[in-house]
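Participant: Read off the chains here:
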Amino acid sequence: MQKYRCQVCNYVYDPVLGDPDGNIKPGTPFDKLPDNWVCPLCGAGKEEFEKV
Amino acid sequence: MKTQLIKKDIYWTGVIDWSVRNFHGHTYTTGRGTTYNSYLILDERIALVDTVYGPFASELIENIRAVCDPARIDYIIANHVETDHSGALPAVLKLCPKAKVVGTQKCREGLYKHYYCDMDFQVVKTGDTINLGKKTLTFIEAPMIHWPDSMFTYCPEEKLLMPNDAFGQHYADAKRFDDEVPEGILMDEAVKYYANILWPLGALILKKIEELRKMDLYIDMIAPSHGIIWRRDPGKIVNAYVSWAKQETIPRVVVVYETMWGATERMARLMVKGLMDAGVDAGLFDVNRADRTEIVKEMLGAKAFMFGSSTHDNDMLPNIAGFLEALKGLKPKNRMACAFGSFGWGGGAVSNIENIIAGSGIEISQPAFACKYMPDKEETVRCYEFGRAFGEKVLSG
Numbered sequence: 001m002q003k004y005r006c007q008v009c010n011y012v013y014d015p016v017l018g019d020p021d022g023n024i025k026p027g028t029p030f031d032k033l034p035d036n037w038v039c040p041l042c043g044a045g046k047e048e049f050e051k052v
Numbered sequence: 001m002k003t004q005l006i007k008k009d010i011y012w013t014g015v016i017d018w019s020v021r022n023f024h025g026h027t028y029t030t031g032r033g034t035t036y037n038s039y040l041i042l043d044e045r046i047a048l049v050d051t052v053y054g055p056f057a058s059e060l061i062e063n064i065r066a067v068c069d070p071a072r073i074d075y076i077i078a079n080h081v082e083t084d085h086s087g088a089l090p091a092v093l094k095l096c097p098k099a100k101v102v103g104t105q106k107c108r109e110g111l112y113k114h115y116y117c118d119m120d121f122q123v124v125k126t127g128d129t130i131n132l133g134k135k136t137l138t139f140i141e142a143p144m145i146h147w148p149d150s151m152f153t154y155c156p157e158e159k160l161l162m163p164n165d166a167f168g169q170h171y172a173d174a175k176r177f178d179d180e181v182p183e184g185i186l187m188d189e190a191v192k193y194y195a196n197i198l199w200p201l202g203a204l205i206l207k208k209i210e211e212l213r214k215m216d217l218y219i220d221m222i223a224p225s226h227g228i229i230w231r232r233d234p235g236k237i238v239n240a241y242v243s244w245a246k247q248e249t250i251p252r253v254v255v256v257y258e259t260m261w262g263a264t265e266r267m268a269r270l271m272v273k274g275l276m277d278a279g280v281d282a283g284l285f286d287v288n289r290a291d292r293t294e295i296v297k298e299m300l301g302a303k304a305f306m307f308g309s310s311t312h313d314n315d316m317l318p319n320i321a322g323f324l325e326a327l328k329g330l331k332p333k334n335r336m337a338c339a340f341g342s343f344g345w346g347g348g349a350v351s352n353i354e355n356i357i358a359g360s361g362i363e364i365s366q367p368a369f370a371c372k373y374m375p376d377k378e379e380t381v382r383c384y385e386f387g388r389a390f391g392e393k394v395l396s397g
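Here the protein sequences line up with chains A and B, keeping their order.
Counting with our numbering, you get residues 1 to 52 for the letters of the first sequence.
Counting with our numbering, you get residues 1 to 397 for the letters of the second sequence.
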């Protein structure tokens, strides 16, 4: 599954892991994240992410 | 005078680092030194907002003692992990047996990874408050402004925002307030600080300022963790941040070059004449003689850049390469650029400069101009015309 990188802080969203602290289950693809999801490291919005 | 009252029962207990000339390693030149600001709030419960850089711990403790016995401190607010604000924390904590450290979860983790000591820590989130008696403190998380742990502290009763590294400047002075120092110097240092530290974080800064506006905070003083406190017109620095974060620019071209035997320098000087004749504002900087962080300051408000280098080992020279790498990290947006330089045989500098420009997301608005050895009569004219044409593009675009 496609990983995405936060251009602000370099955090990588890995769909295999999800974002458990943000209530995102493992296996959730990036484009299925809710619109209000933000980078767990720096708070940047989804629009700040780019494909790895 | 060790401390200074900045608001009713709120003291500046920070220290002035008059002599520092290179800040966090060699990433930022501090020609005017800096200050590490710490604020002590006296109330039924006593709070210290931020500490200072470790080597100045004893001076901070002296300053606190001039106001109250450190053992009486109930809270130490840690707005930011970075060692210039937390370095003195372990030493101060030894004198404050009942003090709780207050900060974000990331601050808690970060402090542990710096000092490996246990602290009585209270994690706070945006909107959480601590009641000191007559005054309260409200916390606003500010991740990546400029570290993941960053936080602002607001005291509504005093209309005071303590945003740590946001709105700061590296500016050592005996005076504490914006209305006591020359405005030109103050803004110059504020621009340099934003350009070198916060430039890549503009999108988050805009969101945070919008969030603060929605919270309807009434602010009549902004007390950052470095430099001078804004009280005459705190809105001025906030509006300046909005403008910089939106990447607003003026028609100005900053030309940065590195030269071996003077050919690229000659080209650069001719191009600047062309820029000036086109009627666009311009500045010329030799990357080996000007200070990198000063050049970056000049670039923040400039619409366009020109980068020049001689070719050496089929590539640009090493110091302009380092400069462009640093610029890439600052992620300038809505800019125009072009490359130029001299070569002897195979060339390579200008195409590699163009690659870095393109990789930085900056528009290449004019194909590069390269010249073999020294410019001849015709190439001299072409250099001038190159500058003039670029200047006209900048003015019209």
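What the hints contain is simulated information worked out from the structure, not anything from laboratory work.
Just so you know, these numbers come straight off a predicted model, no measurement behind them.
Among the hints, a few may not be true.
[Stated by the list, open to error] Derived pair list, reagent style DSS-like, types lysine-lysine, alpha-carbon separation capped at 30 Å:
hint, chain 1, residue 1, chain 2, residue 2
1, A, Lys3, B, Lys372
2, A, Lys51, B, Lys328
3, B, Lys333, A, Lys3
4, A, Lys46, B, Lys94
Participant: Need the list of violated hint numbers for this structure, in ascending order.
Facilitator: 1, 4
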